[in-house]
Amino acid sequence: MINLLMRYVNLLVLTVSVLVIFSFSLAYLFPGDTLTNISGIVPETDAQRAALEEAFKLNSSIFAQFWHYLENLVSGNWGVSFTSQVGLFEQISIAFPASMELTIYALLVSIVVGIPLGFIGGIWHHKPFDFGVVSFSIVSYSFPVFWLALIFITIFSLQLGLLPLSGRVNLLYDVPHSSGFILWDIWQSDIPNKYDAFIDAIRHLILPTASIALVTTAIFIRFTRRAIMDEMEKGYIDAAKSRGFTTKQIFFKHGLRNALVPILPLMAMQVSTLITNAMVVETIFSWPGIGNWLIQAIYQRDYPAIRIGMLVVSVFVVTLTITIEFISRAIDPARDKFERATI
Amino acid sequence: MALLDVKNLTLEIDTGGEFVKALDKVSLMVEAGEIKALVGESGSGKSLIVRAIIGAIPDHWIIKADRLTWKGQNLLAMSNEQRRVIMRREIAVVFQDPTSSLDPSATLRAQLEESIPEELLDKGMFWKRNKQRREIAIGLMHKVGIKNQESFMQRYPHEIPADIAQKFMIAMALVSEPELLIADDPTRSMESTTKNQILRLLSGLNETKNLAILFVSHDLLAISSMAHTMTVLYCGQTVESGRVKHLHRRPLHPYTKALLDSAPSFQINLPPKSHLVALEGTIPTLQHLPIGCRLGPRCPNARRECVKVPEQRSIHHHSYSCHFPLHLLVEEKMENKE
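Chains Z and D, in that order, give the protein sequences. Counting from 1, position 249 in the first sequence corresponds to residue 249 in the working numbering; the numbering is continuous, with no gaps. Counting from 1, position 115 in the second sequence corresponds to residue 115 in the working numbering; the numbering is continuous, with no gaps.
No wet-lab data here; the hints were simulated from the structure. Bear in mind that the values here come from a model prediction, so they are computed numbers and not experimental data. Wrong hints could be hidden among the right ones.
What the hints assert, rightly or not - In the DSS-like style, the derived pairs of lysine-lysine whose C-alpha atoms are separated by at most 30 angstroms in a straight line are:
| id | chain 1 | residue 1 | chain 2 | residue 2 |
| --- | --- | --- | --- | --- |
| 1 | Z | 248 | D | 71 |
| 2 | Z | 248 | D | 64 |
| 3 | D | 143 | Z | 253 |
| 4 | Z | 248 | D | 128 |
| 5 | D | 25 | Z | 234 |
| 6 | D | 131 | Z | 248 |
| 7 | D | 131 | Z | 253 |
| 8 | D | 147 | Z | 234 |
| 9 | Z | 234 | D | 195 |
| 10 | Z | 234 | D | 143 |
Construct the complete structure from the given sequences, taking the supplied hints into account.
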């Protein structure tokens with residue numbers, strides 16, 4: 001186990017350092033002044049330029065510069081935005097939790113809806129209910145996310161007027177920022193009309209969550225259904241039947257567990273798709289998340305922001321992927337253990 | 001009364017659009033305390049019979065039988081729940097491939113202890129019951145001849161060798177103290193030492209516990225050493241059945257004769273480098289079954305009448321399905337000479 005852990009930590013460290021090197025070299029690769037790209041400040045006088053070069057060690061060798069860059073990254077001193085001159089760390093620490101919130105809710109919805117539907121479809125496959133489930137998953141898988149979001153807005157916000165169009169919470173409610181997760185923040189705060197604010201935040205969440213979750217739900221349904229169908233045809237299920245176990249025992253104790261072991265990592269890999277979709281949907285719903293923020297930065301050629309935003313998102317995805325891989329490796333007894341030689 | 005009585009079992013299976021009679025009027029009877037062998041080539045439907053008996057057949061396959069009874073109760077007419085109870089306590093099955101018949105994500109202990117029926121435990125608090133389960137499990141593993149029970153109990157199915165796994169499957173089958181053990185080719189792909197251990201274990205269980213065994217195999221040598229009676233199957237039809245001794249001494253069906261002749265172990269005076277007798281051709285595929293007696297095209301004695309399915313006839317508990325059985329042919333020849 002320790003060996004396995006060390007291998008994954010090693011992988012993580014190497015990948016992240018490649019990403020950091022890449023983001024550092026972006027300061028040189030982006031058009032314009034390297035100093036401006038790395039600091040976000042346009043020097044107005046020669047004295048200021050000299051001071052900045054001194055601060056970012058641009059006069060020293062490239063290795064010293066990189067070391068200094070690393071130190072700044074670790075200490076949270078990420079430079080300032082080109083356009084607004086606000087600290088990037090502060091901006092990201094507001095935008096990132098908003099994206100996470102959306103992703104987590106969408107993931108929960110996909111799990112809660114997708115796995116049971118896939119399970120039922122897999123057990124009663126080629127029956128009317130299963131055909132319904134499969135058709136639903138094919139249709140929802142085929143929707144482009146951005147188009148779906150626009151259709152949702154058209155129907156539910158503009159025509160029916162049921163749900164709010166954009167944002168996280170109505171501007172009437174002044175929610176103090178603490179964790180960045182809006183529902184948690186409202187719960188924690190002591191603003192008046194806390195209950196109304198909570199309902200309002202949920203109403204804001206419904207459309208973006210639904211438009212992201214639909215595709216992932218479809219994928220989860222298909223994974224679970226296929227895995228259950230495959231698993232139910234295996235010999236040990238027949239053997240369990242022949243031993244006179246109850247159907248419930250067979251499905252839940254043997255079938256579901258064995259079906260989930262191989263597909264859990266596959267499902268977890270969908271989280272990166274989910275994040276990508278979340279970033280697209282954020283822009284449509286004006287959700288103040290990292291995707292929206294990054295796209296604004298790209299529009300405005302805000303090179304320091306693009307550099308840091310790319311680093312944060314990619315490090316997050318890489319860490320998540322490797323952690324999931326490690327966990328699934330650790331819980332599955334049949335993987336990575338020696339196979340017994342047979343005669 | 002026979003424990004298991006199968007009479008004219010017909011099973012039609014779905015081969016992509018059309019239904020084919022994979023089993024055609026199969027009859028089989030297992031008496032209490034006997035070892036019954038079910039012999040046939042690969043693809044002759046041996047495993048299908050086992051699956052029909054235990055009820056592991058897809059719903060859309062068509063199963064018909066004059067009789068499919070367990071101690072007089074009709075297995076086909078009863079509800080799933082009644083059938084489950086019988087499978088739980090009275091019939092046990094050992095499958096061909098032991099490793100794939102075990103849940104890959106549970107330890108052997110968990111699986112063996114799950115199989116112990118609640119009735120076998122005394123009433124008590126759960127920790128006492130857990131301890132009892134454990135003792136029963138260890139006792140069973142000892143009984144089937146697995147050493148180092150404790151260490152094997154903690155392993156997963158992919159970590160144990162095939163022979164231990166097969167012994168373990170037998171232990172799991174014995175846990176409910178069944179009356180009939182169906183062993184579906186339990187020694188497949190095992191080398192002879194291990195095979196002998198398994199066969200000896202099964203014969204021993206038959207003698208000590210009066211356990212009836214339906215032994216499904218194509219290993220004639222193993223069968224002749226342990227089985228009391230045998231039924232020969234060809235292409236989903238029962239060809240001949242009777243006591244092993246009688247079948248050996250005087251097979252009445254041409255297929256049985258060919259089967260016995262093809263095994264060199266049964267021929268004492270076989271000169272070196274001589275040809276083994278074998279029937280022409282191969283076993284037909286399910287899509288191209290001949291009508292009537294399915295051995296017809298390959299049978300050395302086939303005549304025009306063989307396009308009709310022969311009735312089952314019997315002489316002294318020795319039954320066969322053939323229009324021109326070997327003993328009648330001999331008489332015919334004698335007549336011709338005269």
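Structure-based check of all given hints:
Pair hint residue 248 of chain Z plus residue 71 of chain D holds up; C-alpha atoms about 28 angstroms apart against a cutoff of 30 angstroms. Proximity of residue 248 of chain Z to residue 64 of chain D is assessed by CA-CA distance (about 28 angstroms); at most 30 angstroms being required, the pair is judged to hold. For a cut-off of 30 angstroms, the pair hint linking residue 143 of chain D to residue 253 of chain Z stands: about 27 angstroms separates their Cα positions. For the given pair, residue 248 of chain Z sits about 26 angstroms from residue 128 of chain D by alpha-carbon distance, which is consistent with the 30 angstroms threshold.
With a CA separation close to 28 angstroms, the supplied pair residue 25 of chain D and residue 234 of chain Z stays within the 30 angstroms bound. Restraint check for residue 131 of chain D and residue 248 of chain Z: the C-alpha separation of about 25 angstroms stays at or below 30 angstroms, so the hint holds. At roughly 21 angstroms between alpha-carbon atoms, residue 131 of chain D and residue 253 of chain Z fall within 30 angstroms of each other, so this suggested pair holds. Between residue 147 of chain D and residue 234 of chain Z the alpha-carbon distance is near 29 angstroms, which keeps this suggested pair within the 30 angstroms criterion.
This hinted pair checks out: residue 234 of chain Z and residue 195 of chain D have alpha carbons roughly 25 angstroms apart, not beyond 30 angstroms. Restraint check for residue 234 of chain Z and residue 143 of chain D: the C-alpha separation of about 28 angstroms stays at or below 30 angstroms, so the hint holds.
In summary, the structure agrees with every hint in the numbered list given earlier.
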